[in-house]
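J.: Chain B: place on chain A using the hints.
Chain by chain, the residues:
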Amino acid sequence: MNFELTEEQKIIQATAREFAEKELAPAAADLDRGGDRKIFLGNLAKLAELGFMGLGIKADYGGAEAGSVALSLAITEIARACASTAVTLAVNNLVAEIIQAAGSEDQKKKYLRDICSGAYPAASLALTEPCAGSDSAAVAVTAVRDGEEWVLNGSKIFITSAPYAGVFAVFALTDKTALKGKGISCFLVEAGAKGLTIGKEEHKMGQRASATNELSFDNCRIPADALLGKLNSGFTSAAEGLAGGRINIGSLALGIGLAAMDYAAAYSAERAQFGKKISSFEAIQWMIADSYTELEAARLLLMSAAAKRETGKSHMKEAAMGKMFATEAANRACYNAVQILGGYGYTDQYPVERYARDARVTTIYEGTNEIQRLIIAREILKSI
Amino acid sequence: MNFELTQDQKILRDSVRDFVEKEIKPIASRIDQEHKIPQELTDKMAELGFFGSYIPEKYGGAGLDAMSYALLVEEVSKACASNGVFISAHTSLGCDPILHFGTEEQKLKYLPDLCAGKKIGCILLTESDAGSDVAGIATTYKRKDGHFLINGSKIFITNGGSRGTGILFATSDRALGHKGLSAFIVDLSSPGVSILKEENKMGIRGTSTAAFAFDDLKVPLGNLLGAEGGGFKIAMETLNGGRIGIAAQALGIAGGAFERAREYSKQRKQFGKPICAFQSLQFKLAEMYARVETAKLMVYKAAWMKDSKLNYSVESAMCKMCASETAAYVTKEAVQIHGGYGFIVDYEVERMYRDAKITEIYEGTNEMQRIVISKALLS
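Chains as they are written, first to last, in this note's numbering: chain A, -14 to 369; chain B, 2 to 380.
This is chain A alone, in the form it adopts within the complex (with noise of 0.2 Å):
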């Protein structure tokens, strides 16, 4: 066993924090609040500068090729500070290795530079409708061959980045006659593209800087090699993605985690009480204790999922093991951190307040806690 970073891992998750620091935690509430999109924008611009929007993508395709480690790591640091950059950033990462992984030669130069070099402020993952949530493989957005192009009806709901977006990976349906799953495909449709109309933008609990809006496709033609990876088989070519993006979230959860704690911990060394610090109080130690135990398990488990998937070893279950763990700590930490503040905890004066509510959806996007505990149980199950 091995639990150090590699010197690439340490200077990756350095820089991160760094400028997690200096230029996401300043804008962060003011974000939240609904403040400039263009700071959010810029902010993502400098990130791809860094490298950090490709960081499992090869050098070839203008990627860093650090790993998954590394992604994870990158990821937690931005999330400290603001946890709607981190997902974008989250969501460019797993676009890209989705087209890494199943792409042409073509699609992969000619859209992972552009997601990598920041060309595209974003890229977005359209696979989640109306009446496919949980139950994805219900996908109901159709694609139907004409001529030398293909034709896209239907809508997608809660998609992340999508006003800014360059370029979507969307999951729609190519084979109605086949068992439910197996006639899904997955094309590439660039922002812009005729048909597609980006429709409200959602008001959400948290994080609130990060886009997430409704598409909808009305005859929208795009060209015949807009398919990604083989016909009829989107859905199974994704899932080594999806297990990717659920590392990422785990991650994301666990900085904002980290961050509630952090802040939390150094309140209660300086909030008096009945003539002492907080800290004294053994039920807030006990607070503290229990939530850096669980985030530092949860960080564990992240960093073995990540491990496995940058050696090319499964980790189907690890990835929902992470993920589910991990956000539901987050959860309890942001929980824990809100109470040791108290009144102050609940108002947008001190920044926990925000940082429970970004954590909330942690449990819920990139598949429920309650799928992740299917697949956890599939994966276990399957071996018997």
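No lab work stands behind these hints: they were computed from the structure.
From the three backbone atoms N, C-alpha and C, an ideal C-beta is built for every residue, glycine too.
Mixed in with the good hints there might be a few duds.
As the list claims (entries may be wrong) - Beta-carbon label-pair distances, calculated as ranges: (1) B/Ala47 - A/Arg18: 25 to 35 Å; (2) B/Glu58 - A/Phe259: 35 to 45 Å; (3) B/Ser281 - A/Ala268: 30 to 40 Å; (4) A/Lys185 - B/Lys267: 20 to 30 Å; (5) A/Pro115 - B/Glu288: 24 to 34 Å; (6) B/Lys11 - A/Leu164: 52 to 62 Å; (7) B/Ala139 - A/Ala268: 16 to 26 Å; (8) A/Asn(-13) - B/Ala176: 58 to 68 Å; (9) A/Gly260 - B/Lys219: 27 to 37 Å; (10) B/Pro39 - A/Phe259: 26 to 36 Å; (11) A/Ala224 - B/Glu288: 26 to 36 Å.
T.: Leaving out everything else, chain B in the frame of chain A:
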């Protein structure tokens, strides 16, 4: 043992429920988004007696019991926690101290306007360095020229923005600790009172949470509430009763979120069937319901003890702790059952999740409730 509500209590609960469905539920989301309870709604609630539920009729109240008051706050909070605390802080913290510690003259002077909703009540206890530690209050009072002169500041004053009638706590000498505290009935529209800011909060956004400064505020000698130096006792007894109000609010939030989650789980289909057909969902609902019912019994028992004139300090601490943690748990699960939709403001559970959190903090943090309970167990 008899777990039935009386006929009167049932009638009251049902009529409040009707009112809430028609008048509050449709605008609860707007109240949250606009950070404001519309005056027309306040007027309607005043007309129905929501602001003086258990105050005797001779002081302008509805003359109901504490159980009916708990039912009122619970039903309102099922749809709108901001209105739940609006009523609860007004009644338990603004009116109650006058009813219990005031002179007949004070009661006749202040309670009718409070019960009629012409003045909104609040308590001015918390300060920046006196949260859980009430004895740390630094706002001072002294006698001067036939008045009390009050100087200092307060934070987190629920309902403060209405500038109605406040029960203000101040010390004659900080060195005396809790023995130096006295309570005063204060008109918050007086000169010398200024609002420093309104907090922007995670939840219960429809209620005002204000910070005040008092600069040579003149209070008539006749506005001292109870005995001089008796403020600590007034604060503790008031918070004791107030916990039932907050517990009822938390219970309402939990019950409301449970109902919405149950409905949604029957409608929402995934994998070809309603999600309530999945055992993991069924178990969630079972646990949520069991916890709501447990909290309900705790809250109703504390209210019954108050009505029966029994000592209910441990029960009120336990019901506040239990109901608020139930609200946090049930709203968390309700959001989870709604999936992505639960994170969107178009769905009521998003607001309920944010609203629930404060019930574990205000009216004495749950850490303070645990201290109250364990002290009583070990004394």
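J.: All hints are to be evaluated individually against the structure, with a verdict given for each.
T.: Verification of the supplied hints:
1. Between B/Ala47 and A/Arg18 the beta carbon distance is about 34 Å. The supplied range of 25 to 35 Å therefore holds.
2. Restraint check, B/Glu58 to A/Phe259: a C-beta distance of roughly 42 Å satisfies the suggested window 35 to 45 Å.
3. Distance hint check: the CB atoms of B/Ser281 and A/Ala268 are about 33 Å apart, consistent with the given range 30 to 40 Å.
4. As the Cβ distance of A/Lys185 to B/Lys267 is approximately 27 Å, the hint placing it in 20 to 30 Å holds.
5. At roughly 28 Å, the beta carbons of A/Pro115 and B/Glu288 sit within the given window of 24 to 34 Å.
6. Checked against the hint of 52 to 62 Å, the pair B/Lys11 and A/Leu164 passes, with Cβ atoms roughly 55 Å apart.
7. Checked against the hint of 16 to 26 Å, the pair B/Ala139 and A/Ala268 passes, with Cβ atoms roughly 25 Å apart.
8. For the pair A/Asn(-13) and B/Ala176, the supplied restraint of 58 to 68 Å holds, since their beta-carbon distance comes to about 60 Å.
9. In this structure the supplied range 27 to 37 Å holds for A/Gly260 paired with B/Lys219, their Cβ-Cβ distance being about 33 Å.
10. Between B/Pro39 and A/Phe259 the CB atoms are about 41 Å apart, so this pair departs from the stated range of 26 to 36 Å.
11. Taking 26 to 36 Å as the suggested C-beta distance range, the pair A/Ala224 and B/Glu288 conforms, at roughly 32 Å.
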